[in-house]
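Taken in order, these protein sequences are the chains called A and B.
Each residue of the first sequence is one higher than the one before, counting from 1 in my numbering.
Each residue of the second sequence is one higher than the one before, counting from 433 in my numbering.
Just so you know, the hints here were simulated from the structure itself, not pulled from any lab data.
Mixed in with the good hints, there may be bad ones.
[Unchecked claim] Sample of chain B residues at the chain A side, in silico, Cβ under 7 Å: (1) V588; (2) E636; (3) V672; (4) L688.
[What the hints assert, rightly or not] Covered by chain A, according to a simulated footprint, are these stretches of chain B (three or more residues, beta-carbon under 8 Å): (5) 442 to 451; (6) 601 to 612.
Bear in mind that the values here come from a model prediction, so they are computed numbers and not experimental data.
No residue lacks a Cβ here, since even glycine has one placed at the ideal position from N, Cα and C.
For reference, the chains in residue letters:
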Amino acid sequence: MSDIIRRDPRTEWIARNRLHPLYESVINANAGEVRGPTGLLRKNPHKVGFIGPNGIKRIDRLKGNGQGAGAVGRGKSSANEPVLALHQIEAPDFYIMVAPDLVGGRLTSHDKDVLGLAHKLCRTYEADERDQGRSSQGAVVAVCFGEMKEESLDLAGVDRLIHLQNDVFEGFAPEARLEAVAQIEQMYQPKHWLFPDSIHGGADLGSRLSARLGERPAVQAWQVDTQNTVCRGASSSIDITRATPRILLLLEECGDAIDETRHEAKALDVDAVEVSAVNIVDHGLMDVDPNAIPLAEAEFILSAGNGIHNWEQFHDAAKALGATEGASRVAVDDGFMPRFRQVGATGTWVTARVYVAVGISGAIQHMQGIGQCDKVVAINTDSGCDMVKRAALSVIGDSEEILEELVKIVNAHKGQVSPEGETLEKGSEHAA
Amino acid sequence: MQPNVISLVSIGRHPQSGRARRSEQDGRALELGLKLSGSHLQVAHAGAYDSTFSGSAEETVLRQYAGMGLKQMTVLKQSSDADVIPSLSHYLESQSAQVVLLGVRAESGESSGMVPYLLAESLGWPIVSRVADIVSIENGEAEVLLALPRGQRRSVTVTLPFIATVDNAAPEPRQTAYGPGQRAQFNAVDTPEVLDELRINWVEAPAKPRPKRLKVIKAKTAAERFKAATAKAQGGSGKVMKNESAQEKAQAIFDLLIEEKVIR
Chain A
1 MSDIIRRDPR
11 TEWIARNRLH
21 PLYESVINAN
31 AGEVRGPTGL
41 LRKNPHKVGF
51 IGPNGIKRID
61 RLKGNGQGAG
71 AVGRGKSSAN
81 EPVLALHQIE
91 APDFYIMVAP
101 DLVGGRLTSH
111 DKDVLGLAHK
121 LCRTYEADER
131 DQGRSSQGAV
141 VAVCFGEMKE
151 ESLDLAGVDR
161 LIHLQNDVFE
171 GFAPEARLEA
181 VAQIEQMYQP
191 KHWLFPDSIH
201 GGADLGSRLS
211 ARLGERPAVQ
221 AWQVDTQNTV
231 CRGASSSIDI
241 TRATPRILLL
251 LEECGDAIDE
261 TRHEAKALDV
271 DAVEVSAVNI
281 VDHGLMDVDP
291 NAIPLAEAEF
301 ILSAGNGIHN
311 WEQFHDAAKA
321 LGATEGASRV
331 AVDDGFMPRF
341 RQVGATGTWV
351 TARVYVAVGI
361 SGAIQHMQGI
371 GQCDKVVAIN
381 TDSGCDMVKR
391 AALSVIGDSE
401 EILEELVKIV
411 NAHKGQVSPE
421 GETLEKGSEH
431 AA
Chain B
433 MQPNVISLVS
443 IGRHPQSGRA
453 RRSEQDGRAL
463 ELGLKLSGSH
473 LQVAHAGAYD
483 STFSGSAEET
493 VLRQYAGMGL
503 KQMTVLKQSS
513 DADVIPSLSH
523 YLESQSAQVV
533 LLGVRAESGE
543 SSGMVPYLLA
553 ESLGWPIVSR
563 VADIVSIENG
573 EAEVLLALPR
583 GQRRSVTVTL
593 PFIATVDNAA
603 PEPRQTAYGP
613 GQRAQFNAVD
623 TPEVLDELRI
633 NWVEAPAKPR
643 PKRLKVIKAK
653 TAAERFKAAT
663 AKAQGGSGKV
673 MKNESAQEKA
683 QAIFDLLIEE
693 KVIR
């Protein structure tokens, strides 16, 4: 074949005439990638898009994503959501144990980082084995105590799950938990124990286990691989580089949380744990004055906005619920609440687990302030406001009526609990 | 009967200047000890005590502790690269301590916070961490308030003898008085010394600022990126109650609060 480019006047003529019966076939004949004389990839701008129902040419620049994001709505977008690849392990050769904090029964972001790091270590060990011509698979095991509300353990990277749900592990039970992890250590001989270095109990349990096993942990570790660990020391003023030990207490953001795979979260067996004599007895949480807790770290906030007219009742409700009081900017500007109670961009950025917004429609500055809250409850008369869109539970109606009913229910509940004392409280805990 | 309380103190480090100072949490532990047993409180420090001691930064700090109202203080002679656990546990056993108070974490050295746990393990005593207050000590049991996150308190009883680490939520330490601090006596005690061999191989460097985690948007198309950049409130999957009676609405809120365990 010669390199001379030959023209075909007939096909050119057909290609110019859109009404020609052979037009379609000629145009589509050299579909696919077209290279110009210099070898550059050429796109035919005339072939982009399609003819819409009313004869107008349409170009879809959304690559098929327009439907889900646009008018069709949520139902379809969730159906379109790709199913993540399942990471399966038949028979693990080694284990990496992670003991998440499970604050309020859910994984914290700290827990997820630690799980992500566990997987990173797992992959490195597997790659090392592969280099030496062996194949081995590791499993990341979450050792959980007490009540569990987390539903997406599989998405957080839990291959195997040890869930110890027994009365002895409920509440504050460091000794019982230590016995349990020591027994798990004996049964499975894991390659590593990872704990979040947090005030929610992770640091405590990790330290207890290392003292029991007589192994020196890396504490406040933030950069970990299979060889070396970098941890903070001397009140975070120095970095200590050392060989990676078996027990690690990890700082936040030590690894990247799992987000591209699903995991099995299969239950792993543990023999019944024997708890010998207990020296520490838990008597439950104390009642603290909720308004003495700084707003930024309060767990439960009842917040008032422009929709409140009966302030007496609001304060009574906060007292009955045992909630810390908050306010929107309007309520503060109008003089109903002190400035240090203001939630939002100019006030305090709160981290409450439960935030009840009464009569707050949700200015963007206020929504920024509650960005870290888990559960938001909105009580409002306007069903279209931003707060209702954000809230997990929205109640549309007059706040005064609803607060009144709520206080009644809470008082009835308290009356039920307190006279019989601890026994009933404990009973209800077990039921939950 | 007055319980035999021992507070252990360490050399702190000022977060800005890096100078030696009275440690925050150890100061609180000492304050709690003074509350429990007043002038009978014993205070010990494990560290260097040699010819260079007088006039050193360490002495200044120890005298700051002593200035809180101590007549005397025990110094367990240890070199700077020693493991203090054997020495401390030997001392605590010999003094038949009932309550041992420490800070949660030292402000210098490895600051792993393991000392109280290792002491508890070697002595076989229970340990309670992050104590906000010790309410009472009676009949061989102590009632202790633990500091939890978010300003919560947990009440716990623990059998004597025990070790407690003191949280920042405990009452602030009193001001130190210079004169009494200078007049305080140091009792140097010779104790077994064990070299900390693991630590020799470690490399220490000034702390690097940790890289900030970037907000990685893994969107594949422009539309997804746009959504990620402009998305206002996630979810929108919340339950909305409109036409129910006020009582039903209140009940729904109450159920949620109970489920989240904010109402007990």
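For each hint, the structure was consulted:
1. Interface restraint check: B/V588 against chain A, minimum CB-CB distance 6 Å, threshold 7 Å, status holds.
2. For B/E636, the suggested interface contact is upheld, since its CB lies about 5 Å from the closest CB of chain A, less than 7 Å.
3. Checking B/V672 against chain A by beta carbon gives a least distance of about 5 Å; that is within 7 Å, so the hint holds.
4. A cut of 7 Å between beta carbons decides the hint on B/L688: the least distance to chain A is about 5 Å, and the hint holds.
5. Counting residues of the region 442 to 451 of chain B whose C-beta sits closer than 8 Å to any C-beta of chain A gives 3, which meets the bar of three, so the coverage hint holds.
6. With 0 residues having a beta carbon nearer than 8 Å to a beta carbon of chain A, the region 601 to 612 of chain B misses the requirement of three or more and the stated coverage is violated.
Hint 6 from the list above is the single one not met by this structure.
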